[in-house]
Amino acid sequence: MKRIATVAVALLAWSFAGSAQIFDFDFGMERKPQKPVKFEYDVDFWYYFDNREFSASDNIYYASGTTHGVLVTPYAGLSVQQGRNVNHRFMLGTEFCREMGAGQKLGDVPKEVLAFYDMHATGKRGCFEVVAGVFPRAFQEADYTEAIYRGGLKFGDRNFEGCILKYGNGRFYAEMGLDWMGMRGYDVKERFQIFTGGHWDATSWLRLGWAASMYHFAGSDVAPGVVDNHLLNPYIKLNFAKQTGLQELSLKAGALLTYQWDRVQSDDVQCPGGGEFVIGLRNWNVGLRNTLYVGGGIMPNYFGSDTAGEMYGSRLYMGNPFYRSGPYDMAELSYSPKITDYLRLDLVFRIYCGVSPEHTGSFGYAGNQQICSLVFDLDKILNPTRVCGRIGAFHPEKKHRRHTDGVFSL
10 MKRIATVAVA
20 LLAWSFAGSA
30 QIFDFDFGME
40 RKPQKPVKFE
50 YDVDFWYYFD
60 NREFSASDNI
70 YYASGTTHGV
80 LVTPYAGLSV
90 QQGRNVNHRF
100 MLGTEFCREM
110 GAGQKLGDVP
120 KEVLAFYDMH
130 ATGKRGCFEV
140 VAGVFPRAFQ
150 EADYTEAIYR
160 GGLKFGDRNF
170 EGCILKYGNG
180 RFYAEMGLDW
190 MGMRGYDVKE
200 RFQIFTGGHW
210 DATSWLRLGW
220 AASMYHFAGS
230 DVAPGVVDNH
240 LLNPYIKLNF
250 AKQTGLQELS
260 LKAGALLTYQ
270 WDRVQSDDVQ
280 CPGGGEFVIG
290 LRNWNVGLRN
300 TLYVGGGIMP
310 NYFGSDTAGE
320 MYGSRLYMGN
330 PFYRSGPYDM
340 AELSYSPKIT
350 DYLRLDLVFR
360 IYCGVSPEHT
370 GSFGYAGNQQ
380 ICSLVFDLDK
390 ILNPTRVCGR
400 IGAFHPEKKH
410 RRHTDGVFSL
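Position one of the sequence shown corresponds to residue 10 (this note's numbering), numbered consecutively onward.
Calculated from the structure, these hints are not laboratory results. All values reported here derive from a predicted model rather than from experimental measurement. Note that CB positions come from ideal geometry on N, CA and C, so glycine has one too. Among the hints, a few may not be true.
As the list claims (entries may be wrong) - Derived CB-CB ranges, DEER-like:
(1) I348 x F99: 30 to 36 Å
(2) K114 x R193: 30 to 36 Å
(3) P243 x Y374: 18 to 24 Å
Stated by the list, open to error - In silico DMTMM-like pairs for lysine to aspartate or glutamate, Cα to Cα no more than 25 Å straight-line:
(4) K133 x D210
(5) K251 x E341
(6) K163 x D230
(7) K347 x D59
Based on the provided sequences and hints, a complete structural model is requested.
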């Protein structure tokens, strides 16, 4: 367990050290900016409304209900410019989350302290980034299937505690990170996840990509034991947006391959899997998307229990619970009008169809979901070329330029 975490951290450190030579990063101080150290700040705002209606499936997958809240996250810290193409940031912030109708007292509104280090290094062959500490999930850029992360998790569990390593050069992007979710205690389980994702654009219309999660669900003093829950999602994506003049016309086909083992309560390793197909169409900021999963359930231990008798459920599986029994289909209609670069509005309506193994075992309509999300990102105004560590769109053919605030960017 500790050895796995040590190997992951060592791999991140090795990659960081090696990238300086491989990708021609300049860590020298030959050309000092006029203001190498400066004060930096940021404020994020997120209004989120998520209404779920799943009485048609007796709420066996999702419970009907509404998540309705507003989140404000202010940051402040220091930005240190090193040489021509390396920037360091040290940021400290906190979350203020108000859950509508919950009757929260003022002392319950501050939720979590965020503290992280963020390093950007831009070379001739790409952009490299390391983030460590407690930081928002927005730093994660790869395309992850909802079999790994269910949609509502982004608002319910908004931050990582660990580190992430990223590299992008325009056609290729890769990230790897560690999220430490639980420190072992008397009744608290030790839990951590190593995740990775990325892609390579073979042509303007063909993308080869992957997403993977290695989730280590260990024990506590009162409930010892270890459960492995690992998932790999290699995929191929075709996008004919340029050929058709649409914003998107895509087909994504991938496999969901798992490795699962309750080490204490079972001698058998389980490897269920299946195929996932996503069709996307978008134009005039209106999108249609359909996700189809074909295969068996990939959450075999969902209704299992640990050695203390507590059900694993969503503690062990962070993905969409519809994947615990296949097949599954979700149709989505969305509207994301272009307002400004720093203000994003998403209106989404989803229809779910799935199997009800606990009842009839038939496939049919399971429920629907309506989502309204409004995000204001001040960092897109302050640092429009390196917003919250977004390096996936790096284009090395573009000439380097220095942003007006003195912080190097593309």
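Problem set entry | Contradicted hints - numbers only | Of the numbered hints given earlier, those the structure breaks are 3 and 6, listed in rising order.
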